[in-house]
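J.: Model the full structure from these sequences, guided by the hints.
Number of protein chains: 2
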Amino acid sequence: MRTALERRARLLGPHMTTFYDTPVHVARGEGVWLWDTDGRKYLDCYNNVPHVGHCNPRVVEAIATQAAQLNTHTRYVHDLILDYGEALTSKFDHDLESLLMVCSGSEANDVALRMAQAMTGNTGIIGTDDTYHGNTSAVSQLNSSKTPVGGYLPHVRQVPAPDNMAPLGGDRTKQAEAFAQDVEQAVAKLQASGHGISALILCPYFANEGFPTLERGFLDRAIGAVRNAGGLIIADEVQPGFGRIGSHWWGHERLGFAPDIVTLGKPMGNGHPVAAVVTRHDILTCFQEAFRYFNTFGGNPVSAAAAMAVFQVIEDDNLVGNAADVGEYTLNLLRQVQSHRDVIADVRGAGLFMGVELWRDGAPATALCARMVNEMRERGVLLHSVGRHDNTLKLRPPCVFSRENADQLADVMDQALSVVT
Amino acid sequence: MRTALERRARLLGPHMTTFYDTPVHVARGEGVWLWDTDGRKYLDCYNNVPHVGHCNPRVVEAIATQAAQLNTHTRYVHDLILDYGEALTSKFDHDLESLLMVCSGSEANDVALRMAQAMTGNTGIIGTDDTYHGNTSAVSQLNSSKTPVGGYLPHVRQVPAPDNMAPLGGDRTKQAEAFAQDVEQAVAKLQASGHGISALILCPYFANEGFPTLERGFLDRAIGAVRNAGGLIIADEVQPGFGRIGSHWWGHERLGFAPDIVTLGKPMGNGHPVAAVVTRHDILTCFQEAFRYFNTFGGNPVSAAAAMAVFQVIEDDNLVGNAADVGEYTLNLLRQVQSHRDVIADVRGAGLFMGVELWRDGAPATALCARMVNEMRERGVLLHSVGRHDNTLKLRPPCVFSRENADQLADVMDQALSVVT
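One line per chain: the protein sequences are A and B, in this order. Sequential numbering of the first sequence, starting at 1, is according to the working numbering. Sequential numbering of the second sequence, starting at 1001, is according to the working numbering.
Don't read these hints as lab results, they were simulated from the structure. Here a beta-carbon is modelled for each residue, glycine too, at the ideal position from N, C-alpha and C. One or more hints might be untrue.
As the list claims (entries may be wrong) - If you want the footprint, here are the derived chain A segments under chain B, 3+ residues with CB under 8 Å: (1) 13-22; (2) 85-97; (3) 326-339.
T.: Right, here's the structure in full:
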């Protein structure tokens, strides 16, 4: 392992992060399980990319079969991207009927921002203040984890993300008003500076912000302010999408709003680098007229085959239903743990996307949360932390997660809590 | 076919381009061959992505095997990215020993620009005026095919690319001086405007500019001017790289200069979406300190396996040698065609990257070139056009191209010329 870490630091740079104090040297995956090079087995409660399970045989078969038959770019005509596009867009409101396929959620968001700029003629963008939308130069401007070199550009404005534990506490009506007021102010400032507003971009689950519990309609007033000023709404569904939240295929459906542009990524190909932007036909047309865009790998036959297999497994194995059922079961187990563990301030989530927020002595328990992540890894359960104070255990397993897996998770969490508290 | 084109226009937008007046509806690929849905066979003389041949069985096997075993991100430790990184960097000068893996050449160039900015503290970038470096917002600023919405940003400056057929004609010494003077002026302007110079980025084969014939050392004075001003040199090896040019693995070796940052893309995974930046350890370290960069799919085990298989096939099957041998054979055949076809003004290239430039009545024969592309497609040979005036037939086949394939290409080109002239 030391040798691997040394090679890694030289080849991949000294700041290439690893998860856990003792990184996991992975060798094999299957379903919800990972094995390390020593043969040790881990319950994966965190990786959303293998959405239909690590090494899902139907996805592997689809990739292998198509890779052996044909893989080339979309300047040739091929049916698979069309079949997939029709299947995918059937899961959206009728007017979201067009798509542009790319290789990563970062590329998808990079395109989405330009679509909004082309469509509105404005450049201003509003995002939330504790988020992540990807790694290109343009979308890095929206990331709050590190200020970009040269600072934030003046056309980008951040508004405070909703936060259940903030001074406004659990009063969601006041939270929604505060959020809308912040958006209204940002719109006014972008208009005053001459940028105007092209889009409000947000994850409709606020996944990186610690996914506060929000009622349907929470965003309505903020969205209205953006629309009234001529801006569009971009829903970054990279994390909540494809049925993970159990109640719906998409996070924006759960919150009850209709985005103009939706971006998709990580789980779309179960690990194969494929991502997409789904939008209205008029927006895609406008973008294509304003920019000359082509993506060599985006939507190639193998990428389309991988995405189609993921789509079909979600449908055939009713993984949205599984996320709803096992998610609720898991939440109940975690609330039982909470009932005798004071350090758990909140248990929340939807479907197979859950958080366990830790506070101690009236403050976010950030260090304790980091210890929990490592203690659970040592006990064979993989998860990580999230949120403004990094004090929430983030649970986001492959959507084939079972009740038995949930039992193991809750048991190990309780054991680890007994060690760290 | 009509139905497929209609579905395509609705789903993928009306301006999603296709090659050829009658698009090819592709079904299957193998080696240098593509088949359409009617079973018609085409000799592929254009697609550089399937570098080791369409559906190369070793690459397919590597992808299928690894996809069935494990595919997850690089915050876990895995050996394959390290094995590949060591193999790949062995093909570069000693100080280019570190790499960052991404999903596309666009992502690679987007990162490379930020590496140069982090390393130099400057923002100014110089590119050539008839090029393409990818599709993200940032690198779109370097593309000359279409002015970005909102115009070019002031930190980006374009210099005229070398052009054998320009007024300076074949006098390469004067061309090199003119190119260097343009770069020196661009540096001076970026310094005067306060941006300073972070990098000169170029394709060391000037692939999109029509790949003018350039001698070793051609760029030395221009590169010296950039370095003297504190800037770095980025070689975009997406097109010439991985041995296509026959004489060397990389275009910059052929031109005899040492870049600070190299970007790789299309052929790297034979169609699997994988790309990379290769650079010095100090530059990667500086970038990682300035930015918080992570790429979910970049360098995952399947991407590393695909890239490793491509690397091994190039080595084991001596495809660099094949590119040199068959490339020279093809050039000679094309020059024989030229000897009795006045419309061919120039035949040039290196390895399996060749151009046939068409002029008529003292002017670039742009329309005739477009007719040639379609006539050859009708005769079962796929290629395309390139260059400032789109009057050069671009030949860039999979590197398993054989002498027999070259015979067919030359025959069909001669037939098509007899039709269009």
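J.: Please name the hints from earlier in the document that this structure breaks, with their numbers sorted from lowest to highest.
T.: Hint 3 is the one this structure does not satisfy, whereas the remaining hints hold.
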